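Asker: All chains, full assembly: derive it from the sequences and hints.
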Amino acid sequence: MELLIRNGTVFDPLNHVDGERMDIAVKDGKIVEDVSSRAEVIDASGMIVMPGGVDIHSHIAGSKVNTGRLMRPEDHYRDYEFRRPQRRAGVGHSIPSTYTTGYRYAEMGYTTVFEPATPPLKARHTHEELNEIPMIDKGCFTLLGNNWFIMDYLREGRIEECKGFVAWMLEATKGYAVKLVNPGGVEAWGWGRYIIGLDDPVPRFEITPREIVEGLCRINSMLRLPHPIHVHTNNMARVGNYETTIATMETVADQASGSPRNIHVTHVQFTGRKGSSWVNVRSGAEEISSYVNRRGHAELDIGQIIFGDTTTMTADGSFQYLLHILSGNKWANADVEVETGAGVVPYTYRRSNYVNAIQWGIGLELALLIEDPWRIHMTTDHPNGGPFTEYPRVIAWLMSRKARDKTLSKINKTARRRLILPGIDREYTLSEIAILTRAATAKSLGLTDKGHLGVGADADIAIYAMDVEKVDPSKEYRLLRRAFRRTAYTIKEGEIVVKDGEIVKTVFGRTFWVKPWVKGDLMERVKEDVRERFEEYYTVRFGNYPIPDSYLRRPQVIRAGG
Amino acid sequence: MGLILKLKRSLRVPLDTSPLTPDNLNGRPLDEIYRLELWEGNRKTPLGDIFKIEEVDGGDLTIEGDLSKARRIGYMMKSGRIKVEGDAGLYVGEAMRGGEITVEGDAGAWLGSRMSGGKITVEGDAGDFVGSSYRGSREGMKGGVIKIKGDAGDEVGCWMRGGLIWIDGGVGCFPGIHMVDGVIFIGGDCQGRAGAEMTGGKVIIQGYLPTVLPSFRTSEVRGKVKVDDTSIQGPFYVFEGDLNEGGSGKLFVNIGRNSHIAWCERLIGEVE
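Here the protein sequences come in this chain order: A and E. Mapped onto my numbering, the consecutive letters of the first sequence carry residue numbers 1 to 562. Mapped onto my numbering, the consecutive letters of the second sequence carry residue numbers 1 to 272.
For the record, the hints were derived by calculation from the structure and aren't laboratory data. This one's a predicted model, so the numbers in the text were calculated from it and none came from an experiment. No residue lacks a Cβ here, since even glycine has one placed at the ideal position from N, Cα and C. Careful: at least some of the hints might be erroneous.
Simulated restraints on C-beta separations [to be verified]: (1) A:Gly-454 x E:Asp-49: 51 to 61 Å; (2) E:Glu-123 x A:Tyr-77: 23 to 33 Å; (3) A:Ser-409 x E:Gly-48: 46 to 56 Å.
Quick list of in silico lysine-lysine cross-link-like pairs, DSSO-like style, CA-CA up to 30 Å [stated by the list, open to error]: (4) E:Lys-44 x A:Lys-330; (5) A:Lys-410 x E:Lys-78; (6) A:Lys-410 x E:Lys-142; (7) A:Lys-505 x E:Lys-44; (8) A:Lys-413 x E:Lys-69; (9) E:Lys-44 x A:Lys-499.
Answerer: Listed below in structure tokens is the structure:
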């Protein structure tokens, strides 16, 4: 199968292509130099050609996502899709059904998405759902920040065994990266305590969040995993948590000598609050961005909020409990045996609400104040900040001061006065948007065949119907938004799957997982070491815990090790 | 121009009648109305295949026949009048904002759910969840009037936030559950658990109520209570709650029919 995309305006930052008119040739699912005359031709003149979008942080599958679906019939009520040729029926809004998730990502030109919080015990469920999400390549991050075995190993200083355990966990759960959610804090909350600073001890484990973050960061680089540790910092429930966020980055700064980046701090909007109470909460974006601008070892994603109704869900059970108390909305909570917790609470972000308006500002300020677009990723922490279907809105805010001013004019007045956002002139270029939404995320995930259009790359391509010569995104942001909402074409592994914003073919992507190699019999030793306690603590047998490769629809192993 | 729609055949599967509102039909040529497609089960059927359509003077839309399988009559309607001569199915007047609906037979569950204005009259009985929110949502009926001459089912006025529900007959369990504001009047008996988790509004029960929930405080005895311009004769025990929710909803229970709860009189004025 050959394809030739002719005359498009190409944005491919990883190959230093910035809005050049050129042809892209595709053969057998890969980008190639040239194709034969039999190739199908797509006329992309007057259109934007970018690599397929890569979403680094979006809760699309797993037990808490499904709990959210179950507890929110009202979320799906007004957003449903009938069966059509080439697509199944499904429901949408903040937690779309599996098929709808895949379709809607593809319609926006996204072709790779990572589910960022999978409790190891629930990984089977996550993979079952990922198997049923069409159109996109995917993977999941394994939650390890509150794991009893890891906390025990780190306290005892048995870093080698801990490394073996992490390697085994990734392999057993078919995970892609190490995810930490409120390290130690979820466990502490299980005992009725709150972790506020990095040095508060976790009850019964005599270990601090600092030791967990430092330990797992070290193991992450020892195992040479493709993605740095993915951290949801402590103290999300409090105002003034921007200090914890900076301290968390700082604590691994001295480990960064070998690898340029060793920590990814996620949805920083939620942990970038300054102040002492909800009444005087301010944006801590200036301080955080100044740290990131100075130090090269940390990267962030913003977790932008979108005004409207959504469903919040995180493994940070303590934060969800607070949100339930604050909002009075319904709440689901789960304790995942010896691993982690989780909570789900519906929430409506309102423009008129002071705190929500500040939160909206923090996300955008972060994106605009951090100078290096390679170290800031665009997310809404779907569905926590808002559904991923609202990405075009975020792109418009980043690219157009006019779009920002329009929203600013409608938000809470006190918040508007206290934000520095109105004074920021920066407007992203299309090339920088391509970095934020695909190139940088693919690079950060270590996916060498994604996020660019060089020869040999996967032929995942998004073509947006917007003529850069005629449309100035800074002024006509509505046209920009419309173009990014539905692609003219989405190409997945060399096949046209979306045409004129409609699904024309359903394909199933691969599931990436990382298999770290460790020296000698380390992994066997660790398995022997934990087996007895495992049988004692868990409700499942040790032998039934790992997920076999055959459980995944299209597994793709990435090898790592050290 | 008004229309009379007569059901040609009995309905075997649910029929979605949400496009049939005066706002939507008025001003359309008749042949277009014949071709208007409705979902019948999982396929679309032209209106003309289901109903015999007659044009008449006046602006009313009259639907005749056994419509107990027709859903969403008057969905989101803003103005005009709909008359159903027969039974109506689920979701009559859902999310209605104005106008008037009259059902001459019985109506199904979710009558007037999420409505914010207008008036619904049911000559017969109604099902469960009258004037309630959609499942899972906290936004129930916000305004308007629902009048039921017969009985109603469980959870009348669930998450109700305004308006009036007037039921001449009795109701099932949980009238006024989660209620925030508005008034529910029940002329007949109630099966129990009135006002569970209510935080505001009024529930008036003229008939028999097995018992009052323990999370309600007995506040006073009152001779009558006013609903809009009507004064309703009591006397009533007045309870306040639901204290589990820190609520200050009011529950009026007729003394004459409920001598079995006379013990609560000695609790009046007691500080908890």
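Asker: Each hint needs a verdict: does it hold in this structure or not?
Answerer: Structure-based check of each hint:
1. A:Gly-454 x E:Asp-49: 51 to 61 Å: holds, 58 Å
2. E:Glu-123 x A:Tyr-77: 23 to 33 Å: At 30 Å between Cβs, range holds.
3. A:Ser-409 x E:Gly-48: 46 to 56 Å: holds, 50 Å
4. E:Lys-44 x A:Lys-330: violated, 37 Å
5. A:Lys-410 x E:Lys-78: It holds: about 28 Å lies between the C-alpha atoms, which stays within 30 Å.
6. A:Lys-410 x E:Lys-142: holds, 26 Å
7. A:Lys-505 x E:Lys-44: Since the Cα atoms of Lys-505 of chain A and Lys-44 of chain E sit roughly 25 Å apart, the hinted pair holds (cutoff 30 Å).
8. A:Lys-413 x E:Lys-69: Violated. Lys-413 of chain A to Lys-69 of chain E sits at ~51 Å, over the 30 Å cutoff.
9. E:Lys-44 x A:Lys-499: holds, 26 Å
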